[in-house]
Amino acid sequence: MTNSIQRQELSSPRYEYGGDDHVFVELSEEMSFDANFEAQAITQEIRERDLPGIIEVAPANASYLLHFDPGELHPDDLIEELKALREEIDITEYTWEARVIDFPVLYDDPWTHEVMMKFRDRHQDPDSTDLEYSARINGFDSVDEFIDAHSGAPQMVTMVGFVPGLPWTFQMVPREQQIEVPKYVQPRTETPGRAVGYGGAFTATYPVKGAGGYQLFGRTPVEVLDVDQELPDFQDSMVLPNPGDILNYRRIDREEYDAIREEVEAGTYEYNIGTIDFRPEEFFEDPQGYNERITEVLD
Amino acid sequence: MIEVLEPGLSTTVQDTGRYGHYHIGMPPSGAMDQYAHTVANYVVGNDEDAATLEMTYAGPDLKFQEDAVVAATGADMEPKRNGEPIPMWTAVQVEAGDVLSFEFATEGVRSYLSVAGGIDVPEVMESRSTYTLIGIGGHEGRDLEEGDELPVGSANGNATVGAAVDDGHVPDYANNDTISVVMGLCDYRLTDEGREEFLGTQWKISDEADRVGCRLTGPDIEGMFEEREQPFGAGPDPTNVVDLGYPVGSIQMAGQPIILMRDAVTGGGYATVGTVTSIDRDMLAQARTHNEITFEAVDVEEALEARASQDEQLELIRATFLE
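As they're listed, the protein sequences go chains A and B. Under this note's numbering, the first residue of the first sequence carries the number 1, and numbering increases by one thereafter. Under this note's numbering, the first residue of the second sequence carries the number 1, and numbering increases by one thereafter.
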């Protein structure tokens with residue numbers, strides 16, 4: 001087992017037109033911290049340059065998407081600019097103050113269980129639960145061990161989207177330790193709000209109920225979206241997670257779930273949040289040691 | 001103030017959209033047919049970003065509590081003032097106490113009603129557009145209901161009652177079955193034959209066609225995809241990709257093709273294979289459930305030219321109504 005994060009060469013990014021008013025850049029077909037940190041660094045630079053005609057700048061896991069006004073900017077000129085920008089970016093020099101957020105999860109909860117049973121016909125393995133199936137195909141002997149692995153190392157927010165506030169997180173471990181599962185064969189038309197799911201190599205928390213294709217692992221009592229901005233941690237934005245934040249999934253029991261939920265509904269819950277100056281190079285070298293430092297910033 | 005007597009099938013307040021928040025997962029919302037929305041505003045002397053009412057298939061009955069100049073554009077829902085037909089694409093005077101009523105559209109899907117001064121609901125993140133999924137914008141973040149009251153902004157006095165849009169600028173909604181698409185995004189995932197089949201198919205618009213997406217039905221799509229060893233993080237299904245951002249108008253291959261519309265998800269893990277041009281997104285907003293459409297691949301220069309030509313047309317219309 002390796003103890004460091006293998007660096008990935010992003011050899012051939014793809015620059016694609018999205019109709020006449022979007023440019024989509026796929027830095028890599030596969031997920032890696034290299035691809036994600038580059039997407040974050042480039043999009044941050046684009047924002048700072050404040051190019052005329054740019055309407056939306058949206059970083060994603062291993063890609064990014066720009067929406068622009070074609071009356072002001074020709075997509076080919078934009079693509080030239082993006083290629084030049086890429087030459088200037090060195091992600092090991094790209095550091096940021098990362099928030100570390102304690103993220104309680106009731107795994108194998110009754111609500112997502114009920115929903116998943118309604119949609120077995122859209123699943124690869126209708127005879128197992130999503131957790132049983134995911135544990136098995138990832139080589140775990142039991143669901144319990146699998147949950148330990150999922151909650152055993154922190155995860156970085158590598159994308160926010162799908163619906164407002166939904167974080168995609170990527171576990172901060174070497175690739176061979178990462179969990180990988182398929183999405184549903186056909187997306188469900190229903191997912192409970194605050195469901196914690198997994199698809200590809202990502203954990204996602206659904207902010208509101210709706211459609212979804214991720215394997216369902218549990219439910220969190222805390223919110224990632226607070227439209228009315230009532231909870232104290234949502235004062236500046238209706239959305240909790242930002243790319244570059246670190247979520248520490250923590251396994252809780254029903255009693256703690258109910259207690260936290262009560263505080264959230266009363267509008268008094270305060271998230272346990274610490275900060276760390278995140279340095280990619282130090283993380284790449286010794287992820288296990290770095291993760292210990294990360295979890296230490298939570299009281 | 002406008003009082004809603006009957007809400008119609010699905011009527012919402014919309015403007016040009018809510019921008020600048022895509023990176024937190026906020027889709028633009030806004031009028032599905034931006035052309036019809038924009039023209040409706042110009043006819044009554046508004047800027048394009050004034051909020052209009054977007055009606056779907058069957059329109060509402062509205063009682064005006066104040067005098068106003070209004071215009072209906074988009075799909076023809078046979079608008080009536082106190083039971084008497086009024087023309088579409090025309091500035092019409094209504095008086096306090098008048099009732100505007102709309103019927104069922106037989107061609108096209110969406111009608112827009114503009115009011116001089118605009119529908120003056122509060123802005124949320126710089127837009128009045130309704131986004132029902134999380135309940136923001138418009139009137140209480142939802143479809144209109146009986147008894148709702150909508151405030152009207154102050155008119156700028158530019159409206160000329162009786163002024164109408166030239167017939168040449170009125171789209172034909174019966175004839176919108178070819179949709180221009182710029183292939184790209186993840187279309188490298190398709191085989192040559194798959195791409196041909198995708199473009200050669202008459203896709204049927206399913207019952208699941210709304211402001212979120214337009215789900216199509218047709219042949220099996222899995223076979224259109226290139227076999228490959230799936231990249232790390234994508235998941236094993238050949239249509240899966242590492243979750244990425246979806247442009248509005250892009251075609252997501254999730255079981256069947258879904259064209260993502262203005263309230264759509266902003267990203268996900270199914271391959272997208274192309275993007276409907278900005279102009280044809282407006283046409284798609286008028287394409288009815290059970291209609292059949294085919295995609296026509298255009299290159300980006302053709303798409304840009306079509307867009308520029310429509311922008312010119314809109315500028316012409318705007319200038320006409322400013323005079």
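In case anyone wonders, no lab produced these hints; they're calculated from the structure. Just to be clear, a hint being listed does not mean it is correct.
[As the list claims (entries may be wrong)] Straight-line distance between alpha carbons at most 35 Å, and here's what the computed DSBU-like set of lysine-lysine pairs gives: (1) K80/B <-> K209/A; (2) K63/B <-> K80/B; (3) K209/A <-> K118/A; (4) K204/B <-> K80/B; (5) K63/B <-> K118/A.
[To be verified] Residues on chain A that point at chain B, a partial pick, calculated with CB under 7 Å: (6) F24; (7) E29; (8) A60; (9) L65; (10) Q186; (11) E190; (12) L231.
Fair warning: this is a prediction, and the values are worked out from it, not measured in the lab. All C-beta atoms, glycine included, are put in the ideal place defined by N, C-alpha and C.
Now the hints, each set against the structure:
no., hint, in the structure
1, K80/B <-> K209/A, "violated, 39 Å"
2, K63/B <-> K80/B, "holds, 12 Å"
3, K209/A <-> K118/A, "holds, 15 Å"
4, K204/B <-> K80/B, "holds, 33 Å"
5, K63/B <-> K118/A, "violated, 44 Å"
6, F24, "holds, 5 Å"
7, E29, "holds, 4 Å"
8, A60, "holds, 5 Å"
9, L65, "holds, 3 Å"
10, Q186, "holds, 5 Å"
11, E190, "violated, 14 Å"
12, L231, "violated, 15 Å"
Figure legend: structure checked against the earlier numbered hints; hints not met, in rising order: 1, 5, 11 and 12.
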